[in-house]
Every structure is written in C-alpha cells, then in structure tokens.
Amino acid sequence: MSDFLVENMETMIMDLGSKRENQLQIIKKFAASLTDKNTIDDIIWDVAKNVISKLGFIDCVIYLIDAEKEVLVQKAAYGPKSPKPNVIKNPITLAFGKGIVGKVAMTGKSQIVNDVSENPDYVVDDERRLSEITVPILIQDQVIGVIDSEHPEKGFFKEEHLHLLETIAAIIGSKVLMLRAYDTLKVQTRDLQIINSQYKQSAFVITHDIKSPLANIRGLIDIYRLNQKNGETEENDHIIALIESSVKKLSGKVDDLNKVIEARNEPSKTAKLINFSKLIHNIKMVISLEIRNKNAIIKEDFTAAENIEYPPSYLESIILNLLTNAIKYKARDRDPIIHVKTEKIPGFTVLIVSDNGIGIDLKKNGHRLFRLFQRFHRKVEGKGLGLSIVKSQVESLGGRIEVESELGKGTIFKVYLRDLVQKTN
1 MSDFLVENME
11 TMIMDLGSKR
21 ENQLQIIKKF
31 AASLTDKNTI
41 DDIIWDVAKN
51 VISKLGFIDC
61 VIYLIDAEKE
71 VLVQKAAYGP
81 KSPKPNVIKN
91 PITLAFGKGI
101 VGKVAMTGKS
111 QIVNDVSENP
121 DYVVDDERRL
131 SEITVPILIQ
141 DQVIGVIDSE
151 HPEKGFFKEE
161 HLHLLETIAA
171 IIGSKVLMLR
181 AYDTLKVQTR
191 DLQIINSQYK
201 QSAFVITHDI
211 KSPLANIRGL
221 IDIYRLNQKN
231 GETEENDHII
241 ALIESSVKKL
251 SGKVDDLNKV
261 IEARNEPSKT
271 AKLINFSKLI
281 HNIKMVISLE
291 IRNKNAIIKE
301 DFTAAENIEY
311 PPSYLESIIL
321 NLLTNAIKYK
331 ARDRDPIIHV
341 KTEKIPGFTV
351 LIVSDNGIGI
361 DLKKNGHRLF
371 RLFQRFHRKV
381 EGKGLGLSIV
391 KSQVESLGGR
401 IEVESELGKG
411 TIFKVYLRDL
421 VQKTN
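Counting in full-length UniProt numbering, the sequence shown tops out at residue 425, every number present.
The reader is advised that the hints may include incorrect statements.
[Claimed, not checked] Pairwise CB distance ranges (calculated): (1) E406 to K29: 53 to 63 Å; (2) K414 to H281: 19 to 29 Å; (3) P346 to V124: 52 to 62 Å; (4) P346 to I297: 27 to 37 Å; (5) H281 to R334: 39 to 49 Å; (6) K154 to V87: 29 to 39 Å; (7) E395 to E68: 25 to 35 Å; (8) N86 to T184: 25 to 35 Å; (9) E68 to R334: 32 to 42 Å; (10) V123 to K84: 38 to 48 Å; (11) K229 to G408: 50 to 60 Å.
[What the hints assert, rightly or not] List of simulated lysine-lysine pairs, BS3-like, C-alpha gap at most 27 Å: (12) K278 to K154; (13) K391 to K409; (14) K248 to K29; (15) K294 to K278; (16) K154 to K49; (17) K328 to K103; (18) K109 to K328; (19) K29 to K49; (20) K109 to K158; (21) K69 to K54; (22) K37 to K49; (23) K363 to K414; (24) K49 to K84; (25) K414 to K272; (26) K158 to K54; (27) K54 to K294; (28) K294 to K344.
To be clear, the hints were calculated from the coordinates, so they are not data collected in a lab.
Idealized CB from N, CA, C, for every residue including glycine.
Generate the whole structure from the sequences, applying the supplied hints.
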C-alpha cells in the first residue's frame, strides 16, 4: 500500500496518508522486533538502527540515566555519532538539568527547539546544528533515558515527529519494564514453593487485568487499519494517542506484578552498608517530579543512626513507598511536610516517617491497612499495594512496622529494621 501511494501521489491528502501509514509500519516493525531483545542496550540500538534511520533524521543519540552518578550517559546513536555498528564516537555525559537533554530528563516533558541559537541551554556535541527534538523515556512517570535528535535546518522537527518519538519511547519503557519483571521471575524461580496463597491470588488478579489493555491495543490497531483502508484518517492521531494510553496502563499492570513478586519471594540475605542520607538523596532524585508538583518538603535527621547493614533494594523500596504515600495522601489545604529520622534500640534500627497529610481512620481501617489492594481514600489514585509490600519486606527480615494516625492530622510509620550483622568487639 505504501509503495502504491508513493508512486501515485497526486494530492496533499494522499501524501499525508502515506506518511501516517509509513509511521504506523515503523511502529509495528519496531514493536515486533523487540520480541528477541533481552537487554536495554539491544533495545535502544535497535531504535537507532531500525527506527530513527527510517525517519529522515540526520542524527540521533539515546541517553540512559546513571542514577548512582546522577548523570545521563550516551548509550546508542545514529548518524555521525555512530561511525561503526554499536559504537558511539566520543560519548559524553550530562548532569541532570544541564543542556536541553538534562532539562527534559529533569522535567519529564518533551521539547522541540526550532532554533537552538536562541536557547541558552543548548550544548554542542559532535557539531553545532540548528534545531533539536528531545523526548524522555519513562517508566511509571520516572525518567530512565532520553531520545535526542538534532538537524541542521531551523524548524525541521514537527508535532508529528514528537508524537512518533513519544510513542516509540512509551514502547521502550514498556519493554524495559517487562524485561525487569522477567529477570526477577528468572532469579526467583528456585524459591517459588514458598510463595503463599495471597501471592497466587494477587498475581492472578493483576495478570487478569493485563488482558484489558492488551485487548484495547489490538482493537485500536484494527480501527487504525480500517481508517487507512477506507481513507478516513482524520481520527487516527487520536487513535495513536489512545494506543499510547493503553501501553502505559499495560506497563502499570506489569510493574504491579513485578512488585508483588519481589515482596513475596524469599529476600536476598546479602546485606550491605547503606548510608541513609545518600539513599534518601537518590530517592528524592527519582521522585523529583512528584516532590516538585506537590511542593513537598522532606526533612531528615539521621544523627541517631547514619548507616545500616541491609539489602539495598529492600531498604530503597521501603523508603520509596513510604515517601510516595506521604506525598500522594497530602492534605488539600497545606503542602506536605515529611520528616524522616532514625532511632536505635537493642537489635533494631527504627526508621520513622511522619507526615502532615490526610491521615487514616485506624479504628475503622487499621485491621486491613497492610492487606493487598486496600484503599481508604477513593479520591486519591492508587492500587493499594505499597504498604503490603513494605510489611512483607520488613517482616521477611525479622522486623516489624507500626503506625499511628489521625484523620486530618497526619500519619507516623515506625519501621523496625532488624540488625542483620552481629558486630564483635
């Protein structure tokens, strides 16, 4: 069909239809090509070689975030930056907030710059060009990378380019999320016999829910094809937007399954020395958009216990869930103020997270506070997973969690983290 349109192009409408059909074919081929991709490097190089190369772009660089070093690293490229397959010439790194790429990584919002000479954020890489398009790669509203392309012509990039790159970025995010879930399943297979009936039930519920967005995507693609076939393409931009929305919903369901699996399997008993201040700093970088959007203030006091021996992934997950909950359940009439501190008692480091949010009616809901899929404020979006995950992680390592709360005044969580390493004199 695409060859026919190119050979018989007579009107602007037919030309537009050809472009849209070509873009759909690019997306379909890219999505199909991901079936045998098992690493994020494979995925982004596939984007550079088999997607960007077909869009008429002069160059493109894909960055991934190194959260530990707080920088963006060039990991794949098309054009002058990649003179040989899977090789980047003179790769650079950018700090969060530096350059157009750094700003997009910080805000999580795409950007088209028609004339970079008028933009003070522009950073020259291999050579100076005149226009730039930059799109974040997101997983559950968290930036993991950035797609960036430049062109020697001013105003080269259009909304259709932005729309297409955002769709590609959404597919990348979904695939990376699935890879993470698969890796977790593969590592934890040997321990499946200890998964209890609650896990099996929750896994069934989430897996069942995945069918809905998948069916929605298939139906939307069928509508898109029918519109193309009948020459009724006006609504297809809207169809693509709906596909994107369904992809995001599917990503969310897979992420939920991944979290439940991690929490219900026997944890790694390999503890490492963790500095609370450094960990909180890294977590605040991850949720910087939420903190900024809600005007949240996070105050810290780790004088009683600056460090702890604990599995890093568990402690990060525990603190992340408690902080995001505190921000999510803010009071309507005041900005969220969250206090994070530590205390020491024999055998435990106590992590205390308190907020001034809407609070919980413990008399009414305390008995089901830590159960899966329990929600107590219907006007706040959520799935009721976070506190159940925290409890499972803490108790699996011999700890416990306590809560104090009052409606309208806020909540205090006390997490008793058992000392896992016995010190000798």
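Structure-based check of each hint:
1. E406 to K29: 53 to 63 Å: 56 Å, holds
2. K414 to H281: 19 to 29 Å: Between K414 and H281, where Cβ atoms are some 22 Å apart, the hint holds.
3. P346 to V124: 52 to 62 Å: Check passed, 59 Å falls within 52 to 62 Å.
4. P346 to I297: 27 to 37 Å: Since the Cβ atoms of P346 and I297 sit about 33 Å apart, the hinted range of 27 to 37 Å holds.
5. H281 to R334: 39 to 49 Å: Violated, at about 25 Å.
6. K154 to V87: 29 to 39 Å: Roughly 30 Å apart at Cβ, these two residues keep to the hinted range, so it holds.
7. E395 to E68: 25 to 35 Å: 29 Å Cβ-Cβ, so the 25 to 35 Å window holds.
8. N86 to T184: 25 to 35 Å: For T184 against N86, whose Cβ atoms are near 27 Å apart, the range 25 to 35 Å holds.
9. E68 to R334: 32 to 42 Å: Distance hint for E68, R334 holds at roughly 34 Å.
10. V123 to K84: 38 to 48 Å: At roughly 24 Å between Cβ atoms, K84 and V123 fall outside 38 to 48 Å, so the hint is violated.
11. K229 to G408: 50 to 60 Å: 58 Å Cβ-Cβ, so the 50 to 60 Å window holds.
12. K278 to K154: The hint is violated at about 43 Å.
13. K391 to K409: 23 Å, holds
14. K248 to K29: 19 Å, holds
15. K294 to K278: With Cα atoms ~23 Å apart, K294 and K278 stay inside 27 Å; holds.
16. K154 to K49: 24 Å, holds
17. K328 to K103: 24 Å, holds
18. K109 to K328: 21 Å, holds
19. K29 to K49: 12 Å, holds
20. K109 to K158: Measuring from Cα to Cα gives roughly 16 Å; hence the hint holds.
21. K69 to K54: 34 Å, violated
22. K37 to K49: 14 Å, holds
23. K363 to K414: Holds, at about 18 Å.
24. K49 to K84: Measuring from Cα to Cα gives roughly 11 Å; hence the hint holds.
25. K414 to K272: Given pair K414, K272 holds - Cα atoms ~22 Å apart, limit 27 Å.
26. K158 to K54: 16 Å, holds
27. K54 to K294: 40 Å, violated
28. K294 to K344: Given pair K294, K344 is violated - Cα atoms ~32 Å apart, limit 27 Å.
Checked against the numbered hints above, the structure breaks hints 5, 10, 12, 21, 27 and 28 and satisfies the rest.
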